[in-house]
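Trainee: Take the sequences, apply the hints, and build the full model.
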Amino acid sequence: MLKLPQILQNRDKFYGLADSAVLSLFRFGSGLAIARLGGSELFATYILLITTSVIFQLLPSTCFILPLLNRGTGAAPAQYGELCRWAQRGVERAALVFFLLGFALLFCVPNCPISITMGLGFLTATCAQLWLQSIRSRLQMEFKQAHALFADLTGCSIHLLVACYLWLQGVSLLSAFWWGATAAAITSSLLMKVHARKLVLGRDEHSETLIHTARQQGRAMLRGSLANSACSRLQPYLLGAIASTEMLAFYGVLWTLIGPVRLLSIALTNLLRPRLALFQNQARPADFVRMYRSALSILSVTGILASAAALWLGQPSIALLFGSELAPASQWLSLALIYATLDAITTCQMIAVQIKREDGAALTARLRIHSAILSLVLVIPATLCFGLTGTLGSLLVAEIYYAIACQSKVAQVHQP
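Counting in the working numbering, the sequence shown runs from 41 upward without gaps.
Keep in mind that the hints are not guaranteed to be accurate.
Stated by the list, open to error - Derived DEER-like restraints, expressed as beta-carbon distance ranges: (1) Tyr277 to Glu365: 16 to 26 angstroms; (2) Glu398 to Leu241: 20 to 30 angstroms; (3) His252 to Trp352: 51 to 61 angstroms.
What the hints assert, rightly or not - In silico SDA-like pairs for lysine to any residue, Cα to Cα no more than 25 angstroms straight-line: (4) Lys184 to Arg333; (5) Lys396 to Gln322; (6) Lys396 to His410; (7) Lys396 to Leu99; (8) Lys184 to Pro153; (9) Lys396 to Ile444; (10) Lys184 to Val240; (11) Lys184 to Leu57; (12) Lys233 to Arg51; (13) Lys184 to Trp126; (14) Lys233 to Gly121; (15) Lys238 to Lys396; (16) Lys233 to Ser197; (17) Lys238 to Leu318; (18) Lys184 to Phe138; (19) Lys233 to Gly130; (20) Lys238 to Glu132; (21) Lys396 to Gly121; (22) Lys396 to Gln447; (23) Lys233 to Ile198; (24) Lys396 to Met287; (25) Lys233 to Ala323; (26) Lys184 to Arg302; (27) Lys184 to Ile306; (28) Lys233 to Leu57; (29) Lys233 to Leu65; (30) Lys233 to Phe138; (31) Lys233 to Leu200.
No lab work stands behind these hints, which were simulated from the structure alone.
Bear in mind that the values here come from a model prediction, so they are computed numbers and not experimental data.
The beta carbon of each residue, even a glycine, is placed where N, CA and C say it ideally should be.
Mentor: Written out as structure tokens, the structure is:
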């Protein structure tokens with residue numbers, strides 16, 4: 041009898057994958073609808089705003105939520121409660137800083153291209169989504185992904201209803217999208233919080249030590265996250281500055297289409313991190329290695345199949361989904377999918393090293409800084425010389441360097 045990979049052997053994991061699939065499909069559909077209804081220029085604005093939102097959410101998540109997942113899974117109730125409270129406070133402070141800074145820029149920048157209604161919706165939605173991530177992390181650690189799936193399904197429905205209603209009432213498309221996202225994030229957060237375990241607080245020497253370790257790891261991972269953002273998330277801004285709006289729209293099409301692969305990566309890493317942390321904390325090295333290898337196999341096979349399919353189906357698919365105006369983006373789709381697969385694999389490597397080694401966060405941060413420098417050195421001349429091919433090529437070179445440099449560290453994870 042054939043057995044599923046260990047990472048897929050219980051219902052909670054399937055619920056986690058289903059949850060990520062729902063979010064992936066909704067994000068894909070949102071990008072498609074905005075491209076179809078708003079045209080290439082509005083779609084380019086959407087890509088810049090989404091990129092900004094992702095960068096902001098990524099940095100506090102790396103600093104507070106990921107150390108919580110690494111250290112909180114399997115911890116004693118009082119230590120778990122104190123860690124959750126520490127992470128929640130950090131997330132709330134980060135959200136407040138982002139909102140106040142964005143609010144000031146919105147009103148102080150002369151001739152700001154973003155309207156007040158759209159800007160406030162964007163700021164509120166981004167902060168609410170960050171809060172949602174912190175609540176979702178508790179359900180991940182408590183293995184309650186079914187409740188997260190229900191909450192996200194409800195949130196997606198609320199997002200669609202609110203956005204459509206506002207748009208039909210004459211609100212601009214992007215303003216309606218962001219205010220719908222705000223309503224969805226608040227609804228999902230409240231639903232998830234109902235099912236999260238009540239925190240038991242009790243600060244003692246053990247919880248202080250755990251928080252200190254998490255804080256150190258978060259700072260180290262934050263450096264790596266900043267480098268990763270510089271390496272792979274500045275491209276839309278660079279394309280907007282040195283290339284045409286059309287090229288930026290092509291880039292947005294590619295990132296919309298590879299979104300399902302990237303969110304599969306996020307889904308697997310969301311499943312991987314708390315379970316690898318649990319196996320490490322319980323001294324179960326064989327289970328650690330088995331689950332790690334299962335995740336790599338799933339990502340590799342998915343990426344290879346998707347890249348091959350893009351060679352034959354890319355052009356007609358983009359023409360059908362986005363219209364003939366954006367169909368030329370198909371020539372770069374396979375390259376983008378190869379990058380997405382490499383990015384997913386290196387993310388798994390990073391998680392394994394961070395959990396297995398006390399200095400793993402510092403090691404992976406240093407390697408990511410090196411790859412970011414390499415990408416930034418290459419991206420502008422490569423884009424000027426080879427267009428979007430050069431942009432994607434610089435991303436691939438940096439990711440290949442990171443994978444090779446990280447391999448010697450990952451080899452230590454393979455030893456039970």
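Trainee: Determine for every hint whether it applies to the structure shown.
Mentor: Hints and how they fare:
1. Between Tyr277 and Glu365 the beta carbons are some 23 angstroms apart, a value that agrees with the proposed interval 16 to 26 angstroms.
2. A hinted range of 20 to 30 angstroms for the beta carbons of Glu398 and Leu241 is consistent with their spacing of about 26 angstroms.
3. Distance hint check: the CB atoms of His252 and Trp352 are about 54 angstroms apart, consistent with the given range 51 to 61 angstroms.
4. Using a Cα cut-off of 25 angstroms, the hinted pair Lys184 and Arg333 holds, with the two alpha carbons roughly 24 angstroms apart.
5. With a CA separation close to 12 angstroms, the supplied pair Lys396 and Gln322 stays within the 25 angstroms bound.
6. Restraint check for Lys396 and His410: the C-alpha separation of about 22 angstroms stays at or below 25 angstroms, so the hint holds.
7. The suggested pairing of Lys396 with Leu99 holds, with an alpha-carbon distance near 22 angstroms, which does not exceed 25 angstroms.
8. Among the hinted pairs, Lys184 with Pro153 is inconsistent with the structure: their alpha-carbon atoms are about 42 angstroms apart, more than 25 angstroms.
9. Distance restraint check for Lys396 and Ile444: the Cα-Cα separation of roughly 18 angstroms lies within the 25 angstroms cut-off, and the hinted pair is therefore satisfied.
10. For the suggested pair Lys184 and Val240, the alpha carbons sit about 18 angstroms apart, so the restraint of at most 25 angstroms is met.
11. Restraint check for Lys184 and Leu57: the C-alpha separation of about 12 angstroms stays at or below 25 angstroms, so the hint holds.
12. Proposed proximity of Lys233 and Arg51 is supported: the alpha carbons are some 21 angstroms apart, at most 25 angstroms.
13. As the CA atoms of Lys184 and Trp126 are separated by approximately 21 angstroms, the hinted pair is consistent with the 25 angstroms bound.
14. Between the alpha carbons of Lys233 and Gly121 the distance comes to roughly 14 angstroms, so the proposed pair stays at or under 25 angstroms and holds.
15. Restraint check for Lys238 and Lys396: the C-alpha separation of about 29 angstroms exceeds 25 angstroms, so the hint is violated.
16. For the given pair, Lys233 sits about 19 angstroms from Ser197 by alpha-carbon distance, which is consistent with the 25 angstroms threshold.
17. Distance check on the hinted pair: Lys238 and Leu318 sit about 20 angstroms apart at the alpha-carbon level, within 25 angstroms; holds.
18. With a C-alpha separation of about 30 angstroms, the suggested pair Lys184 and Phe138 falls outside the 25 angstroms cut-off, and the hint is violated.
19. With a C-alpha separation of about 18 angstroms, the suggested pairing of Lys233 with Gly130 holds against the 25 angstroms cut-off.
20. Of the supplied pair hints, the one linking Lys238 and Glu132 holds, its CA atoms being roughly 19 angstroms apart against a limit of 25 angstroms.
21. With a C-alpha separation of about 23 angstroms, the suggested pairing of Lys396 with Gly121 holds against the 25 angstroms cut-off.
22. Simply put, Lys396 and Gln447 have alpha-carbon atoms about 14 angstroms apart, close enough for the 25 angstroms limit, and the pair holds.
23. Restraint check: the Cα-Cα separation between Lys233 and Ile198 comes to about 17 angstroms, which is no more than 25 angstroms; the hinted pair holds.
24. As the CA atoms of Lys396 and Met287 are separated by approximately 41 angstroms, the hinted pair breaks the 25 angstroms bound.
25. A threshold of 25 angstroms between alpha carbons decides the hint, and for Lys233 with Ala323 the separation of about 31 angstroms lies outside it, so the pair is violated.
26. Between Lys184 and Arg302, the direct Cα distance comes to roughly 23 angstroms. Compliance with the 25 angstroms bound is thereby established for this hinted pair.
27. Distance check on the hinted pair: Lys184 and Ile306 sit about 17 angstroms apart at the alpha-carbon level, within 25 angstroms; holds.
28. Only pairs whose Cα atoms come within 25 angstroms are accepted, and Lys233 paired with Leu57 is accepted, the gap being roughly 20 angstroms.
29. As the CA atoms of Lys233 and Leu65 are separated by approximately 24 angstroms, the hinted pair is consistent with the 25 angstroms bound.
30. At most 25 angstroms may separate the alpha-carbon atoms for a hinted pair to count; Lys233 and Phe138 meet this at roughly 23 angstroms.
31. Only pairs whose Cα atoms come within 25 angstroms are accepted, and Lys233 paired with Leu200 is accepted, the gap being roughly 22 angstroms.
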